[in-house]
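*Asks:* Here the protein sequences line up with chains A and B, keeping their order. Number 194 in our numbering belongs to position 194 of the first sequence; there are no gaps in the numbering. Just add 1000 to the spot in the second sequence (first one is 1) and you have our numbering.
Everything labelled a hint here was simulated from the structure, so no lab data went into it. Some clues are possibly wrong.
Claimed, not checked - Each computed EDC-like pair below joins lysine to aspartate or glutamate, with the alpha-carbon atoms no more than 20 Å apart:
#1 B:K1338 with A:D118
#2 B:K1309 with A:D118
#3 A:K411 with A:E5
All of these numbers come straight from a predicted model, not from anything done at the bench.
Below are the chains, spelled out letter by letter.
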Amino acid sequence: MTVLELSRWQFGITTVYHFLFVPITIGLGFLVAGFETAWIRTGHDRWLRLTKFYGRLFLINFAMGVVTGIVQEFQFGMNWSAYSRFVGDIFGAPLAIEALAAFFLESTFLGLWIFGWDRLPRPVHAACMWIAAIGTLLSAYFILAANSWMQHPVGYHYNPISHREELTSFLAVMTNPEQLGTFPHTIAACFLVAGGMVTGVAVWHLMRRPVEDPDTTAAFRTAAKVGAITALVAAVGTMITGDVLGKLMTMYQPMKMAAAEALYHTAQPAPFSLFTIGTLNGSRPVFQITLPRLLSFLATGNFSGQVKGIDNIQALYSQVYGPGSYTPIIPVTYWSFRLMIGLGMATALIALVVLWSLRKGRVPAASGSRWSRLLLWAVIAMPFLPLAAMSVGWIFTEMGRQPWLVFGQMKTSAGVSANSAGEVLASVIILTLLYGGLAIVEGGLMFKYARAGLDAEEPADPADGDQEPLALVY
Amino acid sequence: MHLSDLWFIAIAVLWAGYFVLEGFDFGVGILLPVLGRDQARRRIMINTIGPTWDGNEVWLLTAGGATFAAFPGWYASMFSAFYLPLLLILVALIIRGVAFEYRGKRGSAAWRRSWDTAIFAGSLLPAILWGVAFGNVLHGIPLNAAHNYVGNFFTMLNPYSLLGGLATLTLFLLDGALFLTLKTMGDLRREAMTAARLSGVAAVVAGGGFLAWTEFSYRAAGHVATGVASVILASAAALALLTAVAATVGWGITGRSGHPREGLAFGAAAAGIAAATAALFTALYPNVLPSTVNAAYTLTTGNASSTAKTLAVMTVVACIFLPFVLAYQAWTYWVFRKRLGAPPQPVAATEPQSPQSPQAPQAPQAPPQAPGSQQPTAVS
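Bound conformation, chain A alone (with noise of 0.2 Å):
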């Protein structure tokens, strides 16, 4: 393989990872803050023991962001240090200020939460965790606002002398129309992973143990609630700012817009196909499930709104931009597409199912009828259906930007660094190998805390003799 092919291996990889973490930390950060909150203001002790449990999952997963956030910020430059050189000038600030602005923010103020128990007030304790959360939300801000700059350069202007990109207005970077529908869609998932998450743990705790003590059952039945909710709230946010982000890729990314639905010929209208059997990258269907003017709606607002094709972007782009290809791998970003969407709907289907079987004060329990199972199976896939569809979208935004690195100004070959691919084949395997280790490691002790109940305590040291070892503290 090139170095291009491994460094896009390798970008693919840790950036996938990596968000596997990401938006279970937005999320579930306000979802504890919140528990903390309750806590606080009603002093029943069932807020704190879902604090405790959530905060526990919470932590696990928020370190795993954190290491694998550093690989983020320096393969840039490791990996490609020529892009680096060509958008410095714009694509820097908003890394630096991430750092400054929101890393010291969550990594200070969590180091206060989880040593801060016995150390600080009530109030204080727990604005740590609204501080830290806040601090997740700035940093996924701006590094969108780099990500969207990338799919629809603003504020910018190239320089020929120094052939770079140069700043024009910061304002308009961080007001970029693009990053103004990828954040609240983004935050909105990471809602829908995180209310997944809890309403999935908690229910699969009411279905599995019915007879604990009441306490218990009340407290995973207001999580089960809460996390519903807000996937259910999360779900419709994804939906709408999903419907302005298909216009604004409609407008600055046709071509991307094409490639979701692998439509070749421009259409008016054009039908959108829910599943397709055929030729893989959907060039001739032999079965197909389409809805009519579907996607002249998504892509236009308007039902006989006119849709460009694959082809004919093609033969335009050669023209503006030289002979090239200009189309993404096909099959990846239909399927993405598809995925993306369904999986995040399944998520809000299972979650209004859950708030149906709490509804009047009842609790779901495995009676072992078929639906009390086919819930059970439901409430354990609620957590990764989302978190699947995270990736997909993400795998979508990237892989349907292509051949772009920076849309319309550098190709992605263009961007990668002039190191050996001895170099770089070495880091593909040992970051691959790494954080497969870790994925193990990491899932291992989610399952053991999530499965092991409300009041699960860290494994006492033997060290400590007869004092009780605090929770959440190393």
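Once you have looked at the hints, place chain B on chain A.
*Replies:* Then chain B, alone, in the frame of chain A:
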């Protein structure tokens, strides 16, 4: 002064902060198998840095981000040139960070032992490699006309840079050992002081030698003022380190408790590390990454920097956020200012046990207090 000069200084400050702060948590990590003879001790040692190591590491991320934003040419060439060393550092920082969070999450002794090893290795490797990397920056690396690296991994292992690695290792050991003397009590505190003495002597030799070699051989020619400043800063660093060593052996200056002046020693060591970092950056200026192939290919604050517009935006942003960052990081150290460790001993003057009264007028790095002011449970 150009804004690019200001940002060169800002990046120097970020690295100095990173080396002082993460320096001591690297040092504690490396000392873990040395001083952490039993489970309880290791736990205490790790908990001295538990609340703050992550915040310390953000200084590195900010330095990296600031380099990207202010000097994209420097960031691109340096990070791609140091590809394998940075990969090793990344792997080390990953396993180390995870180790802190996960070591207490399962009961088995083997589990903890593995993570303790990860903390040791994950602290040792970067502590050496950062010095080697800085040595190479000062020394210069083979950069071609396109500012791309044309050497290999072994190009970086020159004697001067390896001495740089030894310098950062010993300095961080000193920093960590002294931090432990401030944060622990009893035998651990005493043994940490012994470790500080030994590593202090080594740090004076290795750090002093590295600085002297820098001043004689690798200082950028051109500016008389920065040359003089670099020599002064290097001398100040040496003086501060000697002060730290003197304080560890208690030459004529012991605290009330009969212990050596731990606060003074730590402060002097931290000042020494900061001054040494400043001396290196001043010696480097106006270059940021010299080329050993051709002086014309050298990256400088001029040819590697962002536009004045970007630098102005960054300056405004830094002025807004930096004061808050410094304030709340200082506050964390204040909240977790107490010593951790041994069970309460019978003591006359016990500090009031009020974790919720951070208003007491005392500096975060207070001189040694009476031992036994801490509940043993609070360190678990």
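*Asks:* For every hint, state whether the structure bears it out.
*Replies:* Hints, one by one, checked against the model:
no.	hint	result
1	B:K1338 with A:D118	holds (13 Å)
2	B:K1309 with A:D118	violated (47 Å)
3	A:K411 with A:E5	holds (13 Å)
Against the hints set out earlier in the document, a violation occurs for number 2 only.
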